[in-house]
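A.B. asks: Chain by chain, the residues run as shown.
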Amino acid sequence: MKKVLGCGIDIEELNRFLSKIPSGKENSSFAEMVYTTAEIQNHLSILPHVSFALGFSCKEAFFKAFGVSWTNSEISWKDIELLFDNQNNLNNYSIRLGGYAKKLYRKLKCSDIRSSLYYNNEYVVFKVILIS
Amino acid sequence: MSKITANIKEEVRNIVYQFFAEECDADISEIKDSTNIISDLEGDSLMFLELIEIFKKKYNLNIELKTIAKYIVKHPVETIGQLIDTQILMIEHENNIVNL
Numbered sequence: 001m002k003k004v005l006g007c008g009i010d011i012e013e014l015n016r017f018l019s020k021i022p023s024g025k026e027n028s029s030f031a032e033m034v035y036t037t038a039e040i041q042n043h044l045s046i047l048p049h050v051s052f053a054l055g056f057s058c059k060e061a062f063f064k065a066f067g068v069s070w071t072n073s074e075i076s077w078k079d080i081e082l083l084f085d086n087q088n089n090l091n092n093y094s095i096r097l098g099g100y101a102k103k104l105y106r107k108l109k110c111s112d113i114r115s116s117l118y119y120n121n122e123y124v125v126f127k128v129i130l131i132s
Numbered sequence: 001m002s003k004i005t006a007n008i009k010e011e012v013r014n015i016v017y018q019f020f021a022e023e024c025d026a027d028i029s030e031i032k033d034s035t036n037i038i039s040d041l042e043g044d045s046l047m048f049l050e051l052i053e054i055f056k057k058k059y060n061l062n063i064e065l066k067t068i069a070k071y072i073v074k075h076p077v078e079t080i081g082q083l084i085d086t087q088i089l090m091i092e093h094e095n096n097i098v099n100l
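Order-wise, the sequence lines are chains A and B.
Just so we're aligned: 69 in my numbering is position 69 of the first sequence, and the numbers increase by one with no gaps anywhere.
Just so we're aligned: 6 in my numbering is position 6 of the second sequence, and the numbers increase by one with no gaps anywhere.
Bear in mind the hints are in silico, worked out from the structure with no lab data behind them.
Be aware that a few hints might be false.
Calculated lysine-lysine pairs in the DSSO-like style (CA-CA distance at most 30 Å, straight line) [unchecked claim]: (1) K74/B with K78/A; (2) K102/A with K56/B; (3) K70/B with K107/A.
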């Protein structure tokens, strides 16, 4: 029987991310600290004003689902990667876990991830459920 | 790595106080070193990352988030005063902060 091992939900304000989108003129050290190179390229190509916020919200939701934070575990922001398939529908995406997030996923004996996202003109929401 | 002077300490303190006053819409006179960042100011991880970005840029710091996280696991940051002390150590030791 499948069991819920963890659940995380996060909400972010879009306007807090507007200044954090890297431009061609200047690299954003925030983006370099938090997102993988693949994510930065992907988010820049797909509705950047929404995708960077969703990427961050996804990472926060995973931290909560795992019951850890980046300051009390070995998990890193870049261990959780959100990549969108196309800009026509942000609900088409994939999540990759690496590093300590992957180790934790295996340690908890997770076998599946259910996730969903929502956004409007002001907020983004990301929800993660870890299943055994 | 920088030698920490009284001026740098004062500058860090002013930046941190000003940052939280603006971000949390708080009166700067009500923020103290003992103010709890989460329960008193409703601060969040995004604010903490923003502050790290500010100091990385201002002092051209070579420090990784993972290093900061490892330090904070051993030395939790809950108050404004603890955050100021951590930022000063980041400026002073950069990636070597993990060895403290």
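A.B. asks: Starting from the hint list further up, note which numbers the structure goes against and sort them upward.
C.D. replies: Of the numbered hints given earlier, the structure breaks none, since each of them holds.
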